[in-house]
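*Asks:* Sequence lines, in order, name chains A and B.
According to numbering that gives the first Met the number 0, the first sequence holds residues 0 to 80 in order.
According to numbering that gives the first Met the number 0, the second sequence holds residues 0 to 403 in order.
No lab work stands behind these hints, which were simulated from the structure alone.
None of the hints are false.
Taking lysine to aspartate or glutamate and the DMTMM-like style, the derived pairs with C-alpha atoms no more than 20 Å apart in a straight line are:
#, chain 1, residue 1, chain 2, residue 2
1, A, Lys25, A, Glu43
2, B, Lys375, A, Glu77
3, A, Lys71, B, Asp374
4, B, Lys375, A, Asp74
5, A, Lys71, B, Glu368
6, B, Lys371, A, Asp74
7, A, Lys71, B, Glu366
8, A, Lys71, A, Glu56
9, B, Lys59, B, Glu36
10, A, Lys71, B, Glu367
11, A, Lys79, B, Glu368
Treat the numbers as computed from the prediction; the structure is a model and nothing was measured.
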Amino acid sequence: MADLDGTFIEVEVTSDAASDVELARKLEEVCPVDIFAATDSGVEIVRGNLDECVLCELCLDAAPDGAVVVRKLYDGTELKR
Amino acid sequence: MRFYEFESRRLVERAGIPVTKYGFAKTADEARAAAAEIGGPVVVKSQVLTGGRMKAGGVKFADTPGEAAEHAEAILGLEINGHMPVGVLVDPKAEVEQEYYAAVLWDGRAKRPMMLFSDMGGIDIEQVAEEHPDHVGRGHISNLHPIADFRAKETVARCGMTGSELGRATRVLAGLARLQRDYDMTLAEINPVARLADGSFVALDAHMEMEDEAVGRHRKVLESIGVDLSEPREDYEPSEFERNVKAIDSADHRGVIQGKDHGFHGNLGLVIGAGGGSLTLTDAVRSQGGKPANYAEIGGNPSVAKSKGLAMEVLKKDGVEKIAVMMSIVSNTRVDIVARGVIKACLELGKDPAETIAIFRIPGAWEEEGYKILDKYGVEYADRTTSMWDAAGTAVAKIQGGAQ
Ligand code: SF4
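So that you can see chain A by itself, here it is in the shape it has in the complex (with noise of 0.2 Å):
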């Protein structure tokens, strides 16, 4: 079998952005599948669901450019502004 983990999904977001409250609530509002999760202190990764990213780049719309990267590992490409 290759070697693969069944992960198709990763989501990346900046340090900076990570810890900006708003933000955080813009993302948790947007993603239809509940990828991040708004705390006091910022933005989690809900990483349970990362594999039902459905791709439709609205955390990208949300974030400012270059702060939230969605990553398809099954083909190395990357969704980013």
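Since the structure of chain A is provided, determine the placement of chain B with the ligand on it from the hints.
*Replies:* Chain B with the ligand alone, transformed into the frame defined by chain A:
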């Protein structure tokens, strides 16, 4: 959806088809009262959604209301094929001169309802059709135009009936045809229709099955005849597979999955669906010599988790060696999402997706993205240029050790 005999009787009565006086009873005392109201000898019948009532002692004759109560008491406590009765039907022991058969069912080949009538009722209609084809009249009707009595008359006349009998039987069959259409029945059957000593025609026993999707539309009528819509109406206990698939479906609003494995004992698991695709693909697998392990339906853009859930349940079934993931062309269901789900199912069960998924044939929305995922995991897939028939053939060949 299947109906108990007493519910079918109420539907028939509602449709204006004559029935004899009858009573539905949930207790021995109610059965006694029903028998007294009818007057004379009666028959007390267990109300269960299974066959073999007579043999199991679920049908008994009584000459007095007291005897009817005694029989009801015994029948109400009698389990038949794992089913406890919801009550008993108390019918008069009718003086029947002749028995007939009337039915209206959906003819899938003609894509329209078909009426059936025979002057040899009370016995298995398939046997009559085989041994006495001239005693079975058939006639199709339109779902678009009003049902004309003469269509029913033609059907009845085909088994040789004439005169007043023809007129009376026609009214029963035409009424049944309207009932079938008005209530979205996949089967509306009266067997027997009886001609009594006074020449009247009555429905003695009826069997109705309603299209499941139509139940919501007829909720009011069903409730008015006493149907308990919360009660499961399967004629068997759902398997662990069926219960698990249902639970996964209920827990996640995204998309729809269904799974059935009653009567399936094969080695090829099916994760199939989309616009009639499930039936077509199950037939295709069988016609290609394969042995499906289950029937399934997946669609409506399920989540990765839901797709994974269905695939895992299929893979966990005893005897399943591989799965075939196939649909007709999808529009809102996303190919990449289903691909992620079924691959995850394999990996979480420690199986290699490339070995386990015999074929992935889901053309449609986001297919290019899906194909990238399948490529990555080495899963063989087919696009819309491969027919469902050929995709099924590939899966069957693989599981039989043929083409790889
Ligand atoms: S692309 Fe869409 S689904 Fe994916 S993380 Fe961003 S908002 Fe959520």
